[in-house]
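Chains E and D, in that order, are what the protein sequence lines are. Numbered by the working numbering, the letters in the first sequence go through residues 67 to 285 in order. Numbered by the working numbering, the letters in the second sequence go through residues 67 to 285 in order.
Treat the hints as calculated values from the structure; they're not laboratory data. All values derive from a computational prediction rather than experimental measurement. We treat Cβ as the ideally placed atom computed from N, Cα and C, and that holds for glycine. One should not assume that every hint holds.
[What the hints assert, rightly or not] Label-pair ranges, simulated between beta-carbon atoms: (1) E/Leu268 / D/Lys143: 55 to 65 Å; (2) D/Ala216 / E/Asp90: 31 to 41 Å; (3) D/Ser75 / E/Arg82: 27 to 37 Å; (4) D/Ile83 / E/Ala264: 17 to 27 Å; (5) D/Ile83 / E/Phe112: 15 to 25 Å; (6) D/Glu241 / E/Ile83: 36 to 46 Å.
2 protein chains.
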Amino acid sequence: MSANHPAPSERTQVKRISENARYDQESLYAIVDAAYVCHVAFHDQFGSHCIPTACWREGDFLYIHGANASRLCKVMKEGVQACVAILHLDGLVLARAAFNHSMNYRSAMIYGSFMVVPEEDKAASMAAFMEKIAPGRQAQVRPGNRAELAGTTVLKISLQEAVCKTRQGGPNDDEDDLTLPVWAGVLPLQLQAQAPIAATPLQTVPEPDYVKSWGQVRD
Amino acid sequence: MSANHPAPSERTQVKRISENARYDQESLYAIVDAAYVCHVAFHDQFGSHCIPTACWREGDFLYIHGANASRLCKVMKEGVQACVAILHLDGLVLARAAFNHSMNYRSAMIYGSFMVVPEEDKAASMAAFMEKIAPGRQAQVRPGNRAELAGTTVLKISLQEAVCKTRQGGPNDDEDDLTLPVWAGVLPLQLQAQAPIAATPLQTVPEPDYVKSWGQVRD
């Protein structure tokens with residue numbers, strides 16, 4: 067897979083355990099689309115920062131948003147270089163030797179600069195975010211009014227300079243350790259939906275499908 | 067709470083929705099101890115980077131580790147400024163108005179520079195990490211040999227310059243929106259343990275307690 071899709075740049079070239087790297091669009095989109103949040107790294111006069119924030123994908127761009135006055139939005143509007151990371155932790159890998167312990171995960175890293183989504187496109191982008199969170203809900207809620215939209219900055223970053231790294235499966239032990247009398251295997255982890263909690267005051271409205279179906283595997 | 071514990075520095079002072087900030091040690095330790103992974107941001111000649119990696123806490127330090135040859139370890143050994151972020155996503159908050167949608171989460175951000183854990187302390191630190199992952203397992207596995215330990219870099223960063231930000235609870239809707247005929251509430255998310263998967267070849271050893279009990283809530 068990696069062989070068919072070379073790294074798009076020097077800084078996305080995985081060097082450690084490079085057989086776990088993926089540079090294809092399908093792998094990237096799957097990891098991005100499974101994420102509600104990402105971490106954005108950038109550098110300013112106070113140093114390096116690492117900010118978690120909600121994210122969604124439209125086409126070949128990852129989107130974030132925030133209040134106009136937030137530092138993240140203000141800095142990103144200036145076009146500073148950013149690195150966006152997404153991680154899904156899938157399990158703890160217990161090997162027979164301490165050294166061979168590992169974790170299963172799916173991760174993506176995106177390099178570039180964010181661009182400001184123009185005023186006329188903001189409402190559609192925020193609706194796309196809502197569609198990811200709760201399909202069909204945009205038509206049910208009070209949409210953003212002029213002031214709310216005006217106070218919100220929406221930003222997007224190209225997914226062109228990106229790399230994925232994943233690990234799946236059981237432990238890779240040394241041959242000599244395979245007969246050691248210790249349990250080995252994977253302790254899986256999964257981000258799972260829990261029972262919905264209705265807000266008070268309760269509304270006498272039927273639960274929409276995205277609430278009824280909440281409780282299935284989300285990740 | 068925030069009033070009793072001021073921000074330790076200018077760059078840890080939360081400005082947006084500052085009532086959600088926490089600067090006390092108890093909040094910080096709880097968020098760090100619940101995490102298997104963190105994201106480390108730093109800046110080098112290629113720009114800003116955001117690297118997910120495993121983490122654990124000992125006393126007032128957060129620890130990470132890696133191969134000596136990994137970029138993260140090489141750069142951190144030089145003492146460059148870093149920002150470490152930890153995030154637990156607890157749910158999607160569905161408000162009556164699109165604008166008031168939010169997420170529930172517990173997050174921590176730590177600023178500083180990593181220090182190299184000296185050779186003579188590495189084995190004990192890696193054992194502390196194992197104790198977090200699987201209590202009692204260090205005594206069961208083959209411990210790291212001289213070459214394995216020599217090839218591993220362990221790094222720690224002080225938890226002194228840190229800040230937490232959390233959101234819990236239902237949506238905060240505008241008064242005028244409370245009677246809108248739309249479902250509102252929280253769709254909770256939780257990182258949950260799934261059934262353990264034993265490695266092949268199967269060992270005829272009893273499951274240790276940390277495997278038997280896997281399946282309880284981990285986050």
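Lying within 36 to 46 Å: is that true of the beta-carbon distance D/Glu241 to E/Ile83?
With a Cβ separation near 54 Å, D/Glu241 and E/Ile83 fall outside 36 to 46 Å, so the hint is violated.
Between E/Leu268 and D/Lys143, does the C-beta distance stay in 55 to 65 Å?
56 Å, holds
Holds or violated: 17 to 27 Å for the Cβ distance of D/Ile83 and E/Ala264?
The hint (17 to 27 Å, Cβ to Cβ) holds, given that D/Ile83 and E/Ala264 are roughly 24 Å apart.
Given a hinted range of 15 to 25 Å, is it respected by the beta-carbon distance of D/Ile83 and E/Phe112?
For E/Phe112 against D/Ile83, whose Cβ atoms are near 20 Å apart, the range 15 to 25 Å holds.
Could you tell me whether the CB distance from D/Ala216 to E/Asp90 stays inside 31 to 41 Å?
About 36 Å separates the Cβ atoms of D/Ala216 and E/Asp90, which means 31 to 41 Å holds.
Distance restraint hint 27 to 37 Å, applied to the beta-carbon atoms of D/Ser75 and E/Arg82:
Given about 33 Å between the Cβ atoms, the range holds.
In the structure shown, a violation is registered for the earlier hint numbered 6 alone.
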